[in-house]
Each structure stands twice: as structure tokens, then as C-alpha cells.
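Novice: These protein sequence lines are chains A and B, in that order.
Just so we're aligned: 103 in this note's numbering is position 103 of the first sequence, and the numbers increase by one with no gaps anywhere.
Just so we're aligned: 108 in this note's numbering is position 108 of the second sequence, and the numbers increase by one with no gaps anywhere.
Derived by calculation from the structure, the hints in this document are not laboratory data.
A few of these clues could be false.
What the hints assert, rightly or not - Listed below are the simulated DSS-like cross-link pairs for lysine-lysine, each with C-alpha atoms no more than 25 angstroms apart in a straight line:
(1) B:13 with B:60
(2) B:76 with A:63
(3) A:168 with B:13
(4) A:162 with A:71
(5) B:74 with A:63
(6) A:162 with B:86
(7) B:74 with A:65
(8) A:162 with B:76
(9) B:13 with A:63
Quick caveat, the model's predicted, so the values are computed rather than measured.
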Amino acid sequence: MGFSIEVSGMDELMKKMDKLGEKAQGIASVALFEGARVVADKASEAVQGIATSPFKYAANGEKRKPSPEEKAILTQARHGVAKFNKGISRVDTSVGFQNSGYGAITWNHARTNTRTKYKVNDKGKARHASMGGGTSSKPVPLIANAINSGTSFMEKQPFLRKAFSGSKGAATAAIENKLNEQIENLSLD
Amino acid sequence: MPTEYENLVTAMKALTQGEEPDTVTLPVAENDWRTRPDTESYGIIALDYEADALHGDNLKQAEAYEGSMDLYSKAKDGAGWIPLIKSTLTEYCEGAWSLNYHGNERESGLFHWEWVFQVEE
């Protein structure tokens with residue numbers, strides 16, 4: 001017993017498959033950005049939810065919450081989607097805090113005890129605390145990690161882990177939708 | 001509280017190494033220590049949040065929770081507790097765990113490992 005199947009639009013599909021090969025990396029990048037943006041937005045929201053308490057020197061092994069100033073540093077710091085890495089067979093990126101630019105460096109509460117806007121450096125010159133180097137500075141990702149994973153003196157608040165975990169489904173859907181949209185709109189010229 | 005998690009907490013709190021009568025127990029607190037214990041190594045276990053859920057028939061049918069196990073140690077190699085924690089996680093969470101963070105605190109001199117795991121309700 002025989003049967004036949006009629007498929008329409010096969011020529012168009014084949015042409016699109018050819019085109020897709022040429023443009024795959026660009027299409028993947030655009031789609032990946034849509035997904036990464038969802039995750040980055042969720043991470044930004046999560047920063048707002050960090051619980052704080054007035055800064056207190058963490059002495060005698062006591063635990064503390066991040067200070068409002070530390071939360072403000074994270075809020076103002078550059079965070080979002082990193083530059084894309086394009087390889088032969090893959091495109092990838094990451095979402096998180098960038099260790100450069102505005103808000104990248106802060107002063108070290110644990111060592112200074114009192115918060116000062118200006119500090120005197122080794123040469124006796126007063127400099128803005130955020131311009132400090134060496135032991136008086138802390139990169140933004142380090143503050144983010146200290147809050148996200150906790151330390152021996154800071155309570156853990158896994159805000160990034162929760163944001164990444166909670167946005168997986170939405171990010172995957174955003175990537176899928178953008179991929180479908182772009183493949184659908186592929187020009188056959 | 002998921003039973004899997006309760007069993008995991010009990011197992012982590014019972015971690016020991018060394019031969020009798022010189023056995024050493026890892027001090028493990030659930031959620032957090034009020035103040036840092038004065039020991040070479042200590043642990044913290046916590047259930048952090050609901051990571052996933054399966055819905056059906058207008059009801060929540062299954063839930064997965066994400067938690068974490070932290071080890072703080074003055075020893076760079078974790079004073080022998082790392083393989084014991086890993087095998088306990090494997091025993092109670094099967095493959096649903098991974099090392100999420102490892103670092104060194106300059107202020108306290110402690111090394112910190114954070115493993116993230118998932119358990120089901």
C-alpha cells in the first residue's frame with residue numbers, strides 16, 4: 001500500500017536554510033541579546049530588593065547586612081550584558097557587573113571603620129575615597145559577590161542567583177521568539 | 001520544609017573526620033551563625049528560595065528549592081571537609097549540586113566555598 005505526501009513551500013524553505021547558514025551568527029547574536037536582556041533586567045530589579053542596615057564595623061565575628069551605601073554602589077554601577085564573544089560555532093555573553101567605569105571602586109568599610117569621603121594617601125594628599133587604590137578599594141563585583149554568596153561577616157542574600165534562576169524560562173522564550181521572528185523575516189534576495 | 005532538605009541538614013551536622021577518640025565534628029549552623037564560631041572550619045546550610053515549580057489542574061504539583069552549603073576554613077584545602085561535603089551532597093541531592101563560589105577573605109583570612117543544591121518537596 002502506497003501513500004504520498006505533498007509539501008508546499010519546500011523551495012522557499014531550502015533557500016531560507018541556505019541563507020540561514022550565512023547569517024546564523026548574526027541571528028544568534030540578536031536572539032541571544034533578547035534573552036540576556038531579560039536576565040539583566042531581572043538582575044537590576046534584584047539589586048533593588050537587597051536588604052540593608054546602617055553600616056557597623058563587623059567586629060568580634062558579628063554578621064552585618066550591606067550598608068545603604070554599598071547597595072547604592074551596586075545600583076549605580078555598570079551592570080548588564082557584556083560584549084558578545086563570537087566563535088566559529090557559538091556566540092556567548094555574560095550578565096553581571098562590569099569592573100570598570102563609574103562606581104567601580106569603593107572604599108573599604110571593614111578597614112576604615114568610619115566612612116570618609118576624602119582620604120589621605122601615603123604622600124599626605126587628600127583624595128576622593130572612590131579614587132583610592134590598594135587596600136582602600138573594592139571592585140564592584142567583589143561587593144556583589146559578598147552579598148550574593150555571603151562572607152564570614154556579611155549575611156548572604158543570593159539576589160543574583162535568584163534573578164538568574166527566576167528568569168531562565170522567560171529568557172529562553174525570548175530567545176526562541178526572536179529566532180523564529182528572524183528566520184521568518186529572512187530575505188530570500 | 002522538604003524532607004530531602006531536613007535529611008541533608010542532619011547529615012551535614014553529623015559530618016566528622018578522624019579516628020576515635022580524636023574525631024572532629026564540623027560545626028554546621030542552619031541559616032547562619034549569629035557570630036562567627038572560633039574554629040578552624042565551620043559550615044552554614046540554608047534553603048534559599050523556590051527555584052522551580054510544576055503546575056497542573058490549577059494546583060502546584062511539584063516544587064524544587066535551591067539552597068546552599070558554605071564552608072569557611074582557615075586551611076586552603078578546607079581541612080579535609082571538601083570531599084565529605086561533596087559526597088554528602090551527592091548522596092542526598094544526587095547530581096543537583098555544583099560549586100558556585102570559591103574565594104579568600106583578606107580581612108578574616110578565611111577561605112570560602114559555596115555549593116548550591118536543589119531539593120524537591
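Novice: Decide, hint by hint, whether the structure agrees.
Specialist: Consistency of the hints with the structure:
1. For the proposed pair residue 13 (chain B) and residue 60 (chain B), the alpha carbon gap of about 31 angstroms is over 25 angstroms, so the pair is violated.
2. Taking the CA atoms of residue 76 (chain B) and residue 63 (chain A), the gap is near 23 angstroms; set against the 25 angstroms cutoff, the hint holds.
3. For the given pair, residue 168 (chain A) sits about 33 angstroms from residue 13 (chain B) by alpha-carbon distance, which is inconsistent with the 25 angstroms threshold.
4. Between residue 162 (chain A) and residue 71 (chain A) the CA atoms are separated by roughly 17 angstroms; this keeps the pair inside 25 angstroms, and the hint holds.
5. For the proposed pair residue 74 (chain B) and residue 63 (chain A), the alpha carbon gap of about 18 angstroms is at most 25 angstroms, so the pair holds.
6. Restraint check for residue 162 (chain A) and residue 86 (chain B): the C-alpha separation of about 22 angstroms stays at or below 25 angstroms, so the hint holds.
7. Between residue 74 (chain B) and residue 65 (chain A) the alpha-carbon distance is near 23 angstroms, which keeps this suggested pair within the 25 angstroms criterion.
8. Taking the CA atoms of residue 162 (chain A) and residue 76 (chain B), the gap is near 29 angstroms; set against the 25 angstroms cutoff, the hint is violated.
9. The straight-line distance between the Cα atoms of residue 13 (chain B) and residue 63 (chain A) is roughly 21 angstroms, inside the 25 angstroms bound, and the hint therefore holds.
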